[in-house]
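Please build the complex by placing chain B on the supplied structure of chain A, with the hints as guidance.
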Amino acid sequence: MTVNDLLLNENFSAITLPEGDRDISDVYIGDLLSWVMGRAKADDAWITIMSNVNILAVASLADTACIILAEGVTVDEEIMTTAAQKGINILTTELSIFEAAVAINDML
Amino acid sequence: MKKYFYDLHIHSCLSPCGDDEATPASIAGIGKLNGLDIMALTDHNTTKNCPAFFKAAKAYGIIPVAGMELTTSEDIHMVCLFKTLDDAVAFDKALDSYRIPILNRPEIFGRQLIMDEDDNVIGEVDNVLSFATNLSFDEAPTLVESFGGICYPAHIDRPSNSVIAVLGAFPPNSNFTCAELHLKEKVTDYAVMAQLTEDKLVFSSDAHQLLDIKEAEDYIMLPDDSENAVENLFKFLKDTL
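Chains as they are written, first to last, in the numbering used here: chain A, 2 to 109; chain B, 826 to 1066.
Among the hints, erroneous ones may be present.
[What the hints assert, rightly or not] Just a sample of chain B residues kept apart from chain A, beta carbon distances all over 12 Å, derived:
hint	residue
1	K857
2	Y885
3	L910
4	A919
5	E932
6	D941
7	E1010
8	A1054
[Stated by the list, open to error] Partial list, computed: chain B residues near chain A (C-beta under 10 Å):
hint	residue
9	E899
10	P926
11	S961
12	F962
13	S985
14	S987
15	I989
16	A990
17	V991
18	L992
19	A994
20	P996
In short, the hints are calculated from the structure, not lab data. Every residue, glycine too, gets a C-beta built ideally from N, C-alpha and C.
Chain A extracted, bound-state conformation (with noise of 0.2 Å):
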């Protein structure tokens, strides 16, 4: 399933998406960035609450497919431009994050 696949379901909606193409493979979940950046892999959809500007760093640095954020978290402009010029997809959902993992298992 790539990050278009995903947002096919209408819970998920696109904040930024230069990379719309980007397979996801698996879900990692977590808020705490020293923690994400050594455990979140390659092609993950992440999904988090976190909204600082750090977290582009961690996505890019773990190469994940995207970041999700859950509970209607959003960011502010000028993330949105950095994101998308570092090529990272971000989207946001009202969804809590365990029904955002469900909701991208049962795509799988």
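Coordinates of chain B only, in the frame set by chain A:
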């Protein structure tokens, strides 16, 4: 210039996790015994014991600084210091609109005692003070500065509630002129991470009981002028001395 021995991160009995024996007057008294010159009271998300601390500290000849240890929305601890007691009290009031009201459970978290300078309990805070506020790591310094204060990351070398633990690193847009270290190990490494020179890393106790308040060990070189010591301390912390 003169050596000013300091401890800029101390909790009193108002912090839920603070020892009930750590009254503002006792904290000032221990500071005097330990040979400190400047002490800041920094309870979790509150300055309500600062008025008593100011009176007690002045009586002991200690230079008091009013402050708090702010918990940001990301659960990062930040030391916030203010030039005057009034500024600190005003910030405390402004923080009310960012608080997340959750009733304290003293049997689990501890009591939150407001004291006067003579060790009398004059109040108790009902909502738990140490939990996260709705103020973000990015917003906090600006808000604190609008009250004439300074806000810098606390114990950046600790595995919990530190900017590095929560955000993985100092964000690229951060612009701090100082930061607090808990231990003196890896000072060079943390200076690089914080993008600061080593002399702008301050070492405070984060004391939650009287025994943990610092001895006269770490000092800041300031002009020999007690009247303006707080003003000069701020210049040092803001890198404008």
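Now the hints, each set against the structure:
Once the 12 Å rule is applied to beta carbons, B:K857 is consistent with being away from chain A; the minimum gap is 39 Å. The Cβ of B:Y885 sits about 40 Å from the closest Cβ of chain A, beyond the 12 Å cut-off, so the non-interface label holds. For B:L910, the condition that its CB be more than 12 Å from all CB atoms of chain A holds, with the nearest at approximately 32 Å. No beta-carbon of chain A is positioned within 12 Å of the beta-carbon of B:A919; the least distance is around 22 Å.
With a least CB separation of 28 Å from chain A, B:E932 remains clear of the 12 Å interface cut-off, as annotated. Every beta carbon of chain A lies more than 12 Å from that of B:D941, the smallest distance being close to 40 Å; the non-interface claim holds. Taking the minimum C-beta to C-beta distance to chain A, about 18 Å, the non-interface status of B:E1010 holds against the 12 Å cut. At the 12 Å boundary, the C-beta of B:A1054 stays outside the reach of chain A, the nearest C-beta of that chain being 35 Å off.
The interface hint given for B:E899 holds, since its Cβ lies 6 Å from the closest Cβ of chain A, which is under the 10 Å cut-off. A distance limit of 10 Å between C-beta atoms decides the matter here; for B:P926 the minimum to chain A is near 19 Å, and the interface restraint is violated. Taking 10 Å as the C-beta cut-off, the interface hint given for B:S961 holds, the closest approach to chain A being about 8 Å. For B:F962, the shortest C-beta to C-beta distance to chain A is roughly 6 Å, which falls under 10 Å, so the interface hint holds.
At about 9 Å, the closest approach between the beta carbon of B:S985 and any beta carbon in chain A falls short of 10 Å, and the interface hint on this residue holds. Residue-level restraint check for B:S987 holds (minimum Cβ-Cβ distance to chain A is 9 Å; threshold 10 Å). Proximity of B:I989 to chain A holds as hinted, the smallest CB-CB distance being about 6 Å (cut-off 10 Å). Here the hint on B:A990 is kept, as its CB sits about 5 Å from the closest CB of chain A, short of 10 Å.
For the restraint placing B:V991 at the interface with chain A, the shortest Cβ-Cβ distance is roughly 6 Å, inside the 10 Å limit, so the hint holds. A hinted interface residue such as B:L992 counts as satisfied when its beta carbon comes closer than 10 Å to some beta carbon of chain A; here the least separation is about 4 Å, so the hint holds. For B:A994, the interface hint holds, the least distance from its beta-carbon to any beta-carbon of chain A being 6 Å, beneath 10 Å. Proximity of B:P996 to chain A holds as hinted, the smallest CB-CB distance being about 5 Å (cut-off 10 Å).
Hint 10 alone, counting from the list given before, is not met by this structure.
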